[in-house]
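J.: What follows is the residue order along each chain.
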Amino acid sequence: MTGSRRFAAGTIALVLIGYVSIVVAWLHLGLPSPDHSIKDHHLQHLFFLIGGGLWGIALARWLARRHPHGQQSAWLAPALLAPMAAMFLMWPSAYPYVESRPFLHASMHLVFVGLGALTTFAGYRYTRVVSWLLGGSLAVMAWLAAFFFGVTPQPDPAVEAIINARPVAPATASAHGQKVFDQICASCHMPTGAGLPGAFPPLAGHLPELLAAGGRDYVKQVVLYGLQGAITVGGQTYNSVMPPWQQLSDQEIADALNYAATAWGNALPAGESSFEASEIAAARGQGLNAQQVHDARERVGLP
Amino acid sequence: MSASTDSFPVRRIMALYLMTGLALVVLLMVVGLLMRMSQAGWIRLTSVDFYALMTLHGAGMIAALVLCGMGGLWYLIRREVAMSASLALWAYGLAVGGVVLVAAAAAFGKFGAAWTFLYPLPFLNPTWPAWSIGAFLVGMTLIVLGWSVWCIQMLEAVLRGFGGFRGVLGWDAVFTPKAFAASGRKLPPPQVLPAFVIALDGLLAAAAASLLGVALLVHWLDPSVPLDALWAKNITYFFGHDLANFIIYMLIAQVYVGLPAYARRPWKNTRVLTLGWWGTLVFLLLAFPHHLYMDFAQPVWIQYLGLGASYVSSIPVAVVTVFGGLLLVWRSGMRWGLGSIFMYAGMAGWILGGIGALLDATIQFNLHLHNTLWVPAHFHTYLLGASFLFAIGWVFAMLEGRSENPTSSAMRWTIGVTVLGGIGLLVATFYLAGAASVPRRYDVEPAPGPVFAGWGSVGAIILLIGLAVAFFEGMRIWRGLKQARTHVEWPWSPEPATQTARSGGGAR
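The listed protein sequences derive, respectively, from chains A and B. Read in order, the letters of the first sequence correspond to residues 1 to 303 in the numbering used here. Read in order, the letters of the second sequence correspond to residues 1 to 508 in the numbering used here.
Same shape as in the complex, but just chain A:
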């Protein structure tokens, strides 16, 4: 086969494979309806990008044949930015809005084709090998996006089994409170409530001490507004910063406090009732900072 025929065959093959990719994207997964998953959408767009990318290479080859050019560095800018623009267009929460507008939806698919073409065409203006590498990278990016971008992980039965096999909560502590504590608090205060000497104070033994000293409001403030400044617990000085946890719901904070107040041998002091979500809600909005919470501790009379 002569060079010209090989060139023509290669170019036609690129165009045809690109066309088939786009048709596959359009028909194989169907015109997306609202019940299509985000993963399906991402994969569909992957085919649009591949198709456009192959067309971009074919066009660049054809133009380079007719109008030979040297290495054009300026084309690297669109070659690198077009893939990122394509990923931005795969904004998952925008899909329902776009799907409900057929013209916009079709236009968006054309833009995907265009961005795929721009990536490889621009890469080719720099050098041929770069166009293939960038086209391949774009396809890998779209494929990876299908597994994590806007996608909520599916529960894995094996992982669920491990989680469910954990020790059952003590009868006096709420299961929800233990769950919140384990997720949020245990990384510093440890699952046993023993803390880490010198770094994070214990809650086992110390939380009832706080409540008995009249520190109920202080305890709520520590969780809501954080704590900064030196404190002494069990003769050990701690000077870490506890971050505020206002993003937790009132019920989550109340349940976690109730769990910590009754687990590991802790018990609510006489006269103290369980924490309620309503009192956590009432404690919000005081606008304290972590240093002011430390002052509140001193007012309770604890070091």
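Rather than coming from a laboratory, the hints here were simulated on the basis of the structure. Yeah, the Cβ is synthetic: ideal placement off N, Cα and C, and Gly gets one too. Please note that the accuracy of each hint is not assured.
Away from chain B, derived, C-beta distances all over 10 Å, residues of chain A [what the hints assert, rightly or not]:
| id | residue |
| --- | --- |
| 1 | V24 |
| 2 | L59 |
| 3 | W62 |
| 4 | S73 |
| 5 | M84 |
| 6 | F88 |
| 7 | G114 |
| 8 | V130 |
| 9 | V140 |
| 10 | A199 |
| 11 | E279 |
| 12 | Q286 |
Restraint ranges, calculated between C-beta atoms of paired labels, are given here [as the list claims (entries may be wrong)]:
| id | chain 1 | residue 1 | chain 2 | residue 2 | range |
| --- | --- | --- | --- | --- | --- |
| 13 | A | S93 | B | P129 | 17 to 27 Å |
| 14 | B | L359 | A | W143 | 27 to 37 Å |
| 15 | B | L27 | A | W143 | 19 to 29 Å |
| 16 | B | L27 | A | S273 | 15 to 25 Å |
| 17 | B | L326 | A | E160 | 28 to 38 Å |
| 18 | B | W42 | A | S273 | 29 to 39 Å |
| 19 | A | S273 | B | L124 | 50 to 60 Å |
| 20 | A | G136 | B | P120 | 50 to 60 Å |
Knowing the structure of chain A, use the given hints to seat chain B on it.
T.: Coordinates of chain B only, in the frame set by chain A:
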């Protein structure tokens, strides 16, 4: 095909990269010293400040050493193949712009999600403002863009200059060695191997990083968009682990060229060295799962893949390179200047850090070591005790290679002992603390952490003193060069690549 060698503007571009990178490294060493002093109890940083500084130290050090590697390797390949200086400056500008944004996020916004910024941590902690998250993410994206430009330029250049994929990979020399030798062709110079491996793997890693950057930016702008945290972590380390490894592989190219200048022997590329780099090319991208051994939701086969790839990607090239380095010096009448001392010591650091890394990459050790200071121990050995030494060794090689006023023996001893001793003490305290199960990433460490932190601080102070002396010694040599107004040629230059450059079809 072959470019003019070692012209002044080319050296200035390398100097721009190297000086920026090294200045950042020293600045961030001071930041690291503050962190260790706080852990030792000598000073008190609040947790917010500590984690902001830890983020700045980690992200900044990686970027700074990447800049050193980019500049040095660009220079070495530019000696052989014509490359656009303006593209090199664009890559530099994008990367430095990214570093500025990352620094602003940490310094002014107290962004403290560490350089790994694992999802969803950047978005959970209310102690840093929303703008700092955006600034950090945009900064990292700019660094990735600059890195991508560099990789593309480097890849195109080595493929064009050294016979395409077949020529760079030494395909014919590996599979038909007799015919290859009979043809009179030669393998490319050894520095071409890291240039190719890093450019190709780096481009793939950058693609993944671009996707992650966009996904995180979208989540920042629209929190209703969820990300799968396990996938995000995989992609984060696919890029992050590789980028950290690229540093030493970029800088080893400077050893391939710098050490021979002192030994007066060429460092030749061989089939064995080429095969070692093949292992790195293929398996470096697959080694990252050793960062996820603790993630029990990760499929087990990926964990074993990470274990195997960690070994195959690092051992062959390190063993062949170090063995080559030993042979290079053996009976060569080696001239021990500051450059050769630093580069040779750096190879020892590469081996020591590599052993520490492989222990951590072995699943049964990892279960005990990964959450301890053993991990900072190995990467400080790797980055400070090897990569940084390669970089300053290269700077001194450039100075000493042109100087007629060599460093005195007493000064060499002073600088060598303080710099290497400081590094040794610093990393030893990390290893010992790791072996004693002191947890990492704790601003307040449980006992015996503070004791080790104190000795580590002493090591860092000694290192900084040694570097200050080395800086003034470097300035003395440089001023001597300027005053003499002579241009002493580089004592030994790699062979021109014209023979190999014409041996294959090229990339175009």
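J.: Each of the hints needs a verdict: does it hold here or not?
T.: Here is how each hint holds up against the structure:
1. V24: Consistent with the label, V24 (chain A) stays out of reach of chain B, its closest Cβ about 22 Å off (over 10 Å).
2. L59: 18 Å, holds
3. W62: 16 Å, holds
4. S73: Non-interface label on S73 (chain A) violated, nearest chain B Cβ at 5 Å vs cutoff 10 Å.
5. M84: 5 Å, violated
6. F88: F88 (chain A) not clear of chain B: closest Cβ-Cβ about 6 Å, inside 10 Å.
7. G114: Its Cβ never comes within 10 Å of chain B, the nearest being 18 Å, so this holds.
8. V130: The claim is violated: V130 (chain A) sits with its nearest Cβ about 5 Å from chain B, within 10 Å.
9. V140: At roughly 6 Å from the nearest Cβ of chain B, V140 (chain A) sits no farther out than 10 Å, so the non-interface label is violated.
10. A199: 4 Å, violated
11. E279: 22 Å, holds
12. Q286: 16 Å, holds
13. A:S93 with B:P129: 17 to 27 Å: Since S93 (chain A) and P129 (chain B) have Cβ atoms about 23 Å apart, the given range 17 to 27 Å holds.
14. B:L359 with A:W143: 27 to 37 Å: 34 Å, holds
15. B:L27 with A:W143: 19 to 29 Å: At 40 Å between Cβs, range violated.
16. B:L27 with A:S273: 15 to 25 Å: Because 55 Å falls outside the window, the suggested range is violated.
17. B:L326 with A:E160: 28 to 38 Å: 54 Å, violated
18. B:W42 with A:S273: 29 to 39 Å: Check failed, 46 Å falls outside 29 to 39 Å.
19. A:S273 with B:L124: 50 to 60 Å: 31 Å, violated
20. A:G136 with B:P120: 50 to 60 Å: 30 Å, violated
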